[in-house]
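Colleague: One-letter residues, chain by chain:
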Amino acid sequence: MASTISDASLALSAKIVIAGAFGVGKTTFVAAISEIPVASTEALMPVAAAPADDVSFARGKTTTTVAMDFGRIAVDDGLTLYLFGTPGQDRFWFLWDDLARGALAAIVLVDTRNLAASWPAIAYFERRGDIPFTVVVNLFDGQLTHELAEVRDALDLSPGIPLTTADARDRRDVREALRALIRHALNLLPSH
Amino acid sequence: MTRTYALHAPRRPSRVRPYGITRGRTAADRFLGVERLISTVEFDPQRVLGMLPETAAVYEACRYPRTIAELATGLALPLGVIRVLVGDLAAVGRVRIHPPAADIPDRHLLERVLRGLDNL
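Protein sequence lines correspond, in order, to chains A and B.
Counting in our numbering, the first sequence runs without a single skipped number right up to 354 at its last residue.
Counting in our numbering, the second sequence runs without a single skipped number right up to 297 at its last residue.
Hints may be right or wrong, so weigh each one.
Claimed, not checked - Not the full set, but computed from the structure, chain A residues with beta-carbon under 8 Å of chain B: (1) K177; (2) F246; (3) L301; (4) I344; (5) L351.
Source of the hints: derived by calculation from the structure; they are not laboratory data.
Built from N, CA and C at the ideal position, the CB exists for glycine as well.
Okay, chain B solo, but in the shape it has when bound (with noise of 0.2 Å):
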């Protein structure tokens, strides 16, 4: 038997049943990190009414910033789903990506992330 390993197989997570709720998106051109966090902008309760479920989810929960990685937790659905949904929120504004804490891990940033330990 041959063994093939996941390195050499498909990667297309489009084929995976999960990535209907994403109309067969993946989030491979907008990556964003699992440390990421997103908060809704201006919470509208309205608004969840015309959503997909998966969506309004996203919107409802980062009304206090979280994480992709917390998203994908606390929903129970697969990273590339979470990552597909935030983008999609984002681009029509109701949902705020924000910036990385540093593009760079910069002096000033690393110097904190001390601190903070130092205190701990």
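Chain A with its partners taken away, still in its complex shape (with noise of 0.2 Å):
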């Protein structure tokens, strides 16, 4: 449409990121209200096949791709809000501060079968201190397996984090985790 154009040339966008370990639900928490089919962008990165001060490093195999899977909501007619899975590797730390930067807030996700693989995750989150994140518990199978609490405590999450739980296949459990998350990144603003 025509009309559109100019209004186009208006959009703003925003982004969430999804993060957590490997298999912990990402791509399927962002698929579960992702408009689009959930995209994967690409990143090269240099592997650490060779000690750095190694000469023949230019010469050998020397990158790797990683992905980053992506989804999207229209907000309303002029905001795009975009939700960005963190890769899955722990190791490339430096993707995770190109997705962060700018964001409005971010996700945990965690996988009680498995917390020690979260603990990077909510460790970079607390150490940034700029983000407002939330953690929350994927369950697998539509059951919780163990008190939050004894989760949070796992976990050693401040009290401040809020921790919830969602089925990430589910579109109202991941919406409500999305309302739960802007609604504690409102808390955190200061009041004037």
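Reassemble the complex: the two chains are provided individually, in unrelated frames, and hints are given to aid placement.
Modeller: See below:
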């Protein structure tokens, strides 16, 4: 439609980061609410095949591809919200910085069968301190196998960080997790 | 065998072959978030003729606003390459880099997102 062209040039975007360990359900979570099929964007990364000071670095296999999945939600006519899943491999921390920069907020998805795998992601956002985040237990089988208080304890989660549950396959659960995240971000704003 | 983790490896993507498209330049000094929208300014098919294929592809794709991430996916190029191409096009006024929704997330923006989620 010709009439939307000028409006489109004013379009705005914002992003939320969905973080967590490999296999924790980040892509499922994004797919459950995205209005487009989850897309994957690739970044080329140097591979640590050789020590940094090895002169042969440039000749061997020096790169690998790291995928970041994303989806999208139209918030209203002028604003689109993008959900970016972090690369599963923890060693690509510098890509997390790329994704986190300018993010409205973040969710760390956790799997109670492997809580330890979630620690780096939680520590990452705690250390940054500039991005509001919540922790969401993915209910893989639709059921919570541990009390949330136990999970909070095991994760050593600060009292100020909300901890909730969601079935990453369920659109309503995902929507509610995102709403809770935005409410948390609002609560963290200075009152005036 | 000594294991060296990626964090300690050189992070100079300019050595990577696809960066030949960008003549070795990287996007380090013009960071564009993966979510930033880009749109073509007054698309003119004549301009495509003098462009590198990848540059032309970005120029054409952004007739409708697209994010850095969507460009990387749609054109099957790494994010770093897209950032350089977009930076070049923006420098000569061929594309416009949309401002971020907010430099610092503010109440207005968060409430707008919340309303959008409520309406889903």
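Colleague: A separate judgement is required for each hint: does it hold in the structure or not?
Modeller: Each hint tested on the structure:
The interface hint given for K177 of chain A is met, as the beta carbon of that residue sits about 4 Å from the closest beta carbon of chain B, less than 8 Å. Satisfaction of the interface hint for F246 of chain A is found here, the shortest Cβ-Cβ separation to chain B being roughly 6 Å, below the 8 Å cut-off. With its C-beta approaching chain B no nearer than about 20 Å, L301 of chain A sits outside the 8 Å limit, and its interface hint is violated. Satisfaction of the interface hint for I344 of chain A is found here, the shortest Cβ-Cβ separation to chain B being roughly 5 Å, below the 8 Å cut-off.
Hint on L351 of chain A holds. Least Cβ distance to chain B is approximately 6 Å, under the 8 Å limit.
Hint compliance for this structure: hint 3 is the single one not met.
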